[in-house]
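Each residue of the sequence shown is one higher than the one before, counting from 552 in our numbering.
In short, the hints are calculated from the structure, not lab data.
Worth double-checking, as some hints may not be accurate.
Claimed, not checked - Now the in silico label distances, taken between C-beta atoms and shown as ranges:
| id | residue 1 | residue 2 | range |
| --- | --- | --- | --- |
| 1 | 662 | 599 | 43 to 53 Å |
| 2 | 661 | 595 | 17 to 27 Å |
| 3 | 727 | 577 | 35 to 45 Å |
| 4 | 722 | 581 | 21 to 31 Å |
| 5 | 667 | 639 | 34 to 44 Å |
| 6 | 702 | 617 | 29 to 39 Å |
| 7 | 604 | 686 | 17 to 27 Å |
| 8 | 688 | 668 | 16 to 26 Å |
| 9 | 603 | 662 | 50 to 60 Å |
| 10 | 700 | 722 | 14 to 24 Å |
| 11 | 656 | 603 | 37 to 47 Å |
| 12 | 625 | 604 | 40 to 50 Å |
| 13 | 667 | 642 | 41 to 51 Å |
Quick reminder that beta carbons are idealized off the backbone N, C-alpha and C, glycines included.
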Amino acid sequence: MKKYLLWLLLCISSSVAYADEEDWYTYWAIGAVNHDYPGGLNSMPGSMETAPGVDRTEMAFDMFGFYWPQSENSLLGFVISGSVDRFESRSSELQITQNLLGISSMRFFGSEIGDGFFVRVDAGLAQVTLEDNFLTVTSERGFGYLLGVGYAFPVSNESRILVGVSFSDKQVNFPNGRVGNSSWKSTTLTVGGLW
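Working from the sequences, and respecting the hints, build out all of it.
Right, here's the structure in full:
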C-alpha cells in the first residue's frame, strides 16, 4: 500500500506544470450560481420550483474574455460574465438572463500569471433580460460589478485552470417601470480555462 501511495504522490508532483507567459490570454468559464432577485421577484423562483412538473436550470458563465499582461502577476482585459435562470414546464418557459460586459483585472499571488491564489475585479455595462413564451423584456443598460477570489494552477505550458468564487451586482432599470430600479445579485462558483 505504501508503494502505491508513494507512486501516486510522485505522479502527481511530476505533473505540476509551469506555464509560459503569453502576449495575450483568453478566458472562458462555466459554473453554478445562486441568484438574489430584487423585491417581490425574490420569492418567485422558490414557488415556481416547487410546482409540479417544473424544471429549473441555473448556470453561470464567463465568455469572450481577453486579457493582456500588465506585470508578471497581473492581467487587464475585458470579459462577458453572467448567469441564466431557466424554468420549464410542458406548457411554459421563463428565463432570466443577467449579463455584465466589463473591464476586468486579475491579480495572481503565485510565481506567475495563472498560478496560486488570485483576486478578480470587473466593472462595466450590465443588462437583464426576462423572457417567457409570449414576451421578452430587456432592461436598459446599467452599471454592474463583480468581485471574485480563487485559485489557479498551470496544467501545461499554455494552459491554466482557474477555480473561482465571485459576487456580482447589476443595477438596471426596466422600460415603463415594469420592474423599476433594481439590483440583480448573484454568487457564483466557476471552473475555467486561461490560455
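Okay, the hints, checked on the actual structure:
Roughly 47 Å separates the CB atoms of residue 662 and residue 599, a value that falls within the hinted 43 to 53 Å. About 42 Å separates the C-beta atoms of residue 661 and residue 595, a value inconsistent with the hinted range of 17 to 27 Å. Residue 727 and residue 577 have their C-beta atoms about 39 Å apart, which keeps the hinted 35 to 45 Å range intact. For the hinted restraint 21 to 31 Å between residue 722 and residue 581, the CB-CB distance of approximately 25 Å keeps it satisfied.
Between residue 667 and residue 639 the C-beta distance comes to about 40 Å, which sits within the given range of 34 to 44 Å. Distance hint for residue 702 and residue 617: a CB-CB separation of about 22 Å, inconsistent with the stated range 29 to 39 Å. Taking 17 to 27 Å as the suggested C-beta distance range, the pair residue 604 and residue 686 conforms, at roughly 22 Å. The hinted window of 16 to 26 Å between residue 688 and residue 668 is violated, with their beta carbons roughly 40 Å apart.
Roughly 54 Å separates the CB atoms of residue 603 and residue 662, a value that falls within the hinted 50 to 60 Å. At roughly 22 Å, the beta carbons of residue 700 and residue 722 sit within the given window of 14 to 24 Å. In this structure, residue 656 and residue 603 meet the distance hint of 37 to 47 Å, their C-beta atoms being roughly 46 Å apart. Distance hint check for residue 625 and residue 604: the Cβ-Cβ separation is about 49 Å, which falls inside the suggested range of 40 to 50 Å.
Between residue 667 and residue 642 the Cβ separation comes to about 50 Å, which falls inside the hinted range of 41 to 51 Å.
When held up to the earlier numbered hints, the structure conflicts with 2, 6 and 8 and fits the remainder.
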